[in-house]
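Asker: Throw the hints in and build the complete structure from the sequences for me.
Number of protein chains: 4
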Amino acid sequence: MLAVVLAAAHGFLAGVVRPDGEVLAAVHGVADFTTPAGALELLDRALAEAGVTHQEVELAVLGLPGPSLFARTPGPDPLGGSHLRRFRSWDGRPAADVVGDFLDRPVFCENDANLAALGEAVYGDVAGLHTVLHISLTHGTGAGLVIGGRLHRGGSRLAGEVGHLHVDDAGQLCECGARGCFWQTTSIPALLSELATAHGRTFTVSDLDAAAASGELEIMRALRGFGRSLGRRVADFVVFLDPQAIVVDSALGAASDVIADGIREAVDQYTPPMMAASVKISSGSLGASAHLKGAAALVRTEHLFEVSQLGPRVQASQA
Amino acid sequence: MLAVVLAAAHGFLAGVVRPDGEVLAAVHGVADFTTPAGALELLDRALAEAGVTHQEVELAVLGLPGPSLFARTPGPDPLGGSHLRRFRSWDGRPAADVVGDFLDRPVFCENDANLAALGEAVYGDVAGLHTVLHISLTHGTGAGLVIGGRLHRGGSRLAGEVGHLHVDDAGQLCECGARGCFWQTTSIPALLSELATAHGRTFTVSDLDAAAASGELEIMRALRGFGRSLGRRVADFVVFLDPQAIVVDSALGAASDVIADGIREAVDQYTPPMMAASVKISSGSLGASAHLKGAAALVRTEHLFEVSQLGPRVQASQA
Amino acid sequence: MLAVVLAAAHGFLAGVVRPDGEVLAAVHGVADFTTPAGALELLDRALAEAGVTHQEVELAVLGLPGPSLFARTPGPDPLGGSHLRRFRSWDGRPAADVVGDFLDRPVFCENDANLAALGEAVYGDVAGLHTVLHISLTHGTGAGLVIGGRLHRGGSRLAGEVGHLHVDDAGQLCECGARGCFWQTTSIPALLSELATAHGRTFTVSDLDAAAASGELEIMRALRGFGRSLGRRVADFVVFLDPQAIVVDSALGAASDVIADGIREAVDQYTPPMMAASVKISSGSLGASAHLKGAAALVRTEHLFEVSQLGPRVQASQA
Amino acid sequence: MLAVVLAAAHGFLAGVVRPDGEVLAAVHGVADFTTPAGALELLDRALAEAGVTHQEVELAVLGLPGPSLFARTPGPDPLGGSHLRRFRSWDGRPAADVVGDFLDRPVFCENDANLAALGEAVYGDVAGLHTVLHISLTHGTGAGLVIGGRLHRGGSRLAGEVGHLHVDDAGQLCECGARGCFWQTTSIPALLSELATAHGRTFTVSDLDAAAASGELEIMRALRGFGRSLGRRVADFVVFLDPQAIVVDSALGAASDVIADGIREAVDQYTPPMMAASVKISSGSLGASAHLKGAAALVRTEHLFEVSQLGPRVQASQA
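These protein sequences, in sequence, are chains B, X, D and U.
With the first letter of the first sequence counted as 1, position 92 gets the number 92 in the numbering used here; the numbers rise by one all the way through.
Adding 319 to a residue's 1-based position in the second sequence gives its number in the numbering used here.
Adding 638 to a residue's 1-based position in the third sequence gives its number in the numbering used here.
Adding 957 to a residue's 1-based position in the fourth sequence gives its number in the numbering used here.
It is possible that some hints are incorrect.
Unchecked claim - In silico contact screen, one side only, chain X against chain U (beta carbon under 7 Å); selected entries:
| id | residue |
| --- | --- |
| 1 | L536 |
| 2 | R540 |
| 3 | D576 |
| 4 | P592 |
| 5 | M593 |
As the list claims (entries may be wrong) - Quick list of in silico lysine-lysine cross-link-like pairs, DSBU-like style, CA-CA up to 35 Å:
| id | chain 1 | residue 1 | chain 2 | residue 2 |
| --- | --- | --- | --- | --- |
| 6 | D | K918 | U | K1237 |
| 7 | U | K1237 | X | K599 |
| 8 | X | K599 | B | K280 |
The set of hints was computed from the structure by calculation and includes no laboratory data.
Quick reminder that beta carbons are idealized off the backbone N, C-alpha and C, glycines included.
Answerer: Encoded structure:
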C-alpha cells in the first residue's frame, strides 16, 4: 500500500492508494505548516479509513509545490528562502524526514502538479499517448509534462511552471523575481475574484462547476475566455512540442470542459492546422483523485519498489 | 558508409559520412527539383570525392523540409499539395524512392532541422545534456528538439516548427493557413532584407558572419535584436520544458554567437531565475556539418543498421 | 572670411560668412557625392556672389551629417561603412581634404545639426541662455545641444541624435542597428508623406509654411500633433537637463511656430511645473541661415583663428 | 575643515571633511525638522569625533532635497509650500541661517543628489570623465549631472529630477502636480514594498545588498528588472547627452552592481550602438561617503574658499 500526502496552500490531502492505482481513502484537512501534527494525524485518519496499518504501508509519496525533489541527492532545498519553503519544511525539518520517521518507510517526493499529470497520463483517458501536458488549476496555475510515459522534470526541476510564463513588462513583482507572471492574471483564484466583483457576490470553485453544468451563459463565457487565455500560451507549447494531448485539471468539474473548449479555440487559431488537428484537448477523467493515482503511477513508472528495496529510505532525507 | 542528401530551397547538399560521424565529403549544388538528375549527380560527386563506391554505401539519409517522414508507414505524404512538396517529390516520385533506386540501399528520411539538432546534440558541445533545442536559421526559422538523446518528433511530426509560432493577429496570411507567423518577421532572409533596406546595399549570410567577427556595431545590434526576438519565444519554451541547452545554428559563424547572446538576454528577462540559470545557451559547435553528422547520429540513436538488416529498403517507399 | 559647405541628402549649401556672423552669400545645389566637382563649383559661385577671392578666405567650415568630426585626431572615420559615409567621403577622399586642397586653407568639420544649434544659441533670440537644445527638422530629425555657450558633442560625438530615440520594439530595422527609431515615424518627410496620403495631393515644406501662415486648420492640427510627439520626448530631456531653451528649426517658417506650440503643450503636461515654467520654447530666429551663422559661431566659440594660426590645415585630414 | 549636514526624509547626516576630500567623521541621526536642535547636536558630535573645533571649521555645506540653492541670490525659497520645505526650513528659519549662526561661518547649500554626484565625479572611479550622470536611489529616485567637472543645475535648479519623468497618463497624482511620475513605481522604497508583498516578509536596503552579495536569484532578478526600468529612461538621456558615464548610487552595496547591469542591458537595447559602446555604466566607488566627499568637491570646483573670503556668509541667508 502507498501512503500519499499532498501539502498545498489550500490544505492537506492524505490518501491511501493501492499500487495498481485504486484509491482506498482520501481525507482533506486544513493546512497548518507550523507543526507536522496536523498532516500526520490526517494520514492516520486516511489509513484508518482504508483499514491499512503502518506496517502495511510499503512506501510514501509526498506531493509538494515548488521544484521537484524526486530522486534528488540529499542537500539543501534549491528553493532557498522562498515562501514555498513552508510547504516543504515542517516545524523546521524536511517534510520527507517527518513522514519517513512517522511511518518508518521510504518517502519519495514529487511536485504536486507533476503527480496530477502523471495520474492522468497513466490512468486517465489519455493513457498511452506519447506527449501529454496536464494543466493544474486547483492550486495555482501549473502544469506537468509526461513524455513517453515518464515525467519530464527539466534541468532545474521546474518544467511546466506555466504560472511563470511572462505576460506583462509592467506587471506586479512576482516572488520569482520577474514582473507580470501569468498566474497573477490567469488563475482560478483571480477569476473567482473577478467574477465576484462583476456579479457582486462570492464565487467558489463549486459555483464554477455548477454554473457550467447548468449552462449559465455569463459564467461559461468567462470560463471560455479563461481557457482562451490559457490556450494562447498552450498554442506556443504545441508548436514547440507537437503533443498528443492537453488535459485540463478535472477537479473543476463541468467547468473544466468549458475551459478545455477555450484552449481548443486558441490552439486552432494559433497553431498550424496539422498540429492543431493532431492534439486531443480535453478535461481530465480522474477528478480530484488525479494526484493520488499519480502517486501510484510514479511508483510504477519510476520502479520505486525496486529502488526502495535497494536502499530503504534512501530518499527520505531530501528537502 | 552513409550517403546523405539534403534538399532545401537554397540548394542541395550531398555528403558522405562514416557511421562514427566523420564527414568524408560534402558537396553543394544548385536546387532543381523538376528532375532528380541534379541531386543524384551531386551524390555521385560526393561519393567520388570521398572515394566511396555505391556498394560501400550501407544506407542513405535524406533531409527534407516539412513534417518528419522518419519510420512512417508508407502512405501519402501528409504535406498534401503544400509548396514544400517539391522538395520531397522529385520528378513526381518520392525523393526516398529516387535515391533508394539509385543506390539500391535502404533510405531513411528525416526533417532537415531535426538532423542538425541531432548532430549538435550527439556530436556537439552539448552532447550528453538531457533536453536540447536546436534552432535552425540557415533555411528558414525552424528547430529540432532532442530529449534524452533522441529526436522528439511530435504527433504530427512537426515538433519545433518555431517559424509558425503566432505573432500578429493582423499579420500576413501564411502558407500554413494562419496569419502573422513568426518566420515572416523573424528569419535570416527577413533580416538580410531589412538590413539591405536600412543600409542601401545587399547583405548575405557571409556578411553577417564577417560583421560580427569584426565587431561592426550596427550589424551586431541588429543580430542581437534578432536574438532577443527569438529569445522572447524561446523563453516560453524554457518555462514549459526547463531544458538544459538552447543551441543556435552555427552555420552563421560569428553571427550565431551574437544571436545566442540576444537569446540569453531575453531568457534571463522572461523566465524564472532558477530556470534561466540552469540552461546553457550557445551557438553550435559543428558549423555547416551539423546536418551530415546528424545523419550519423540518426543511424546511431535509431539503431538503423539493425532496422535495415531486418528488411532492406523498408523505408524507401515513403513520401 | 569663412567659406562654409553643408552636405546633406537634400543637396549642397555653400556660403560665405564674415567672422561676425554676417552672411554674404548662400547658394544651394543638387547633391552629387560621386564627385567633389559639384560642391567645389558651388563654393566658387558663393565666393563670386560675395565678391570674395580664395585668398581672402581664412578658413573653411564643413557641415556633415553623422558623428561630429570637430577637432578629431586624424584617423578612420568612426562611421565605418554606414550609408552616411557618402556625405563625408567625396570621390573616395575625406571631404575636408577635398575642400582644404581646393582652398589651401584649414578646414574644420562639424555635424550639420550642431552648426544650426550653435548659430541659434550664439546669434539667435536665445543667445546668452545657458542650456539650449535646437531641434533640426529640415534634414531628418536631429538636434544640437549648446551648454554654457559651447557645443556639447558627447563621448561618441553623437549627442542630440534624437532621431534615434527608441519608440517601438516591433518597429522597422534602422541603419543604426536598433528597431523602431524615432525618426522613422516622426520626421518632416514622414509627415509630408502622411499628409499626402490623407489629403490626396503632394505636400512640400513650403506648403507647411504657407498652411501655417494662413491658419489652415487641418494642417495646423497635424503640425501641432507632430510637435506634441516631439515634445513628449523633449519633456524627458527637460527633466534631465532643466534647460533654458528649446528651439525649433526655423527653416520651416510659420510651421515652426505651430510645432513649437505642440512641444510646449507636451512639456507642460509631462514635466514638473517649475521646470516647464523656466524653459523658453520657440522657433528659431535665423531661418535658413542658422547653419551659416553657426559656422561663424564655431570659429568664435572654439577660437579657431588661434587654432589655425598654430598649425594651418591641422584639421584637414579628418574623416 | 568643512562641516557638512545632510537633511533628508530618512534622517540627518553630519560629517567633517578635509578640503582634500578625506572624511574625518560621519554621524547619522533621526530626522526631526520641527527644531534645529537635533541637527546642531549631531554636528557637534561629528566635530567632537573628528577632534575639530568650531573655530577650525572654515565653511559649511548643507545638503537639502529640492531645487539647488547654491549661489542663489537671497530671496524666497522657490519651493513655496511644498512638502520638501520642512527639510529646508528648520523651526521657521532657513536651514542655512540656522547652521551659519551656530558656526559663525559661511554656509553653502546644495541639492543632496547633486553632492553625491559631484563626489563620485570628482573623487570616484569616473573622475576625469566629461559627462557623468549619477543616480541616487537611497533617498528617493534622483540624479545629479556633472558636465566638464562642474554641476549642471539647470534653469529651475532641478536638473536630474528623474523621479519626475513621466510614466503613466493615468497614474497617481504626484505632489509636483503631474500624474504618474517615475518615482511612484520605480524607487527603492517601492521595490522593497513590492518584494515584501511578493515574499510575505519585510525587506530593507541591507537585505538587497545581502541578497545580491550571496547571489539570491529571485532578488537579483528583481534588482536587475529595476535596473532595466531605470535604464529604459537613462537610454533617452544617453541619446540626448552621449555621456561618458552613468553611475549608480553605491550606498546599496552589491545591489548597486546588479542595478547597473540592468541599466547597461537597457542602454544596449535602446540607444545607437556607438553611444552604448562609449558610455561606462557602473555602481559608484564611494559608498555612503559620496555626499560628504561631494561637499569637498563642491568647495573645490566652485572655488568656495575664494568666494567666502570675498564676503563671509554671503550665502548664509538663502532659503
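Asker: All the hints need checking, so say for each whether the structure fits it.
Answerer: Status of each hint after checking the structure:
1. L536: This hint holds: L536/X lies near chain U, its Cβ roughly 3 Å from the closest one there, short of 7 Å.
2. R540: holds, 4 Å
3. D576: violated, 15 Å
4. P592: It holds, given that the least Cβ distance between P592/X and chain U is near 4 Å, below 7 Å.
5. M593: Hint holds; M593/X Cβ to chain U Cβ min 6 Å, cut 7 Å.
6. K918/D <-> K1237/U: holds, 32 Å
7. K1237/U <-> K599/X: holds, 28 Å
8. K599/X <-> K280/B: holds, 32 Å
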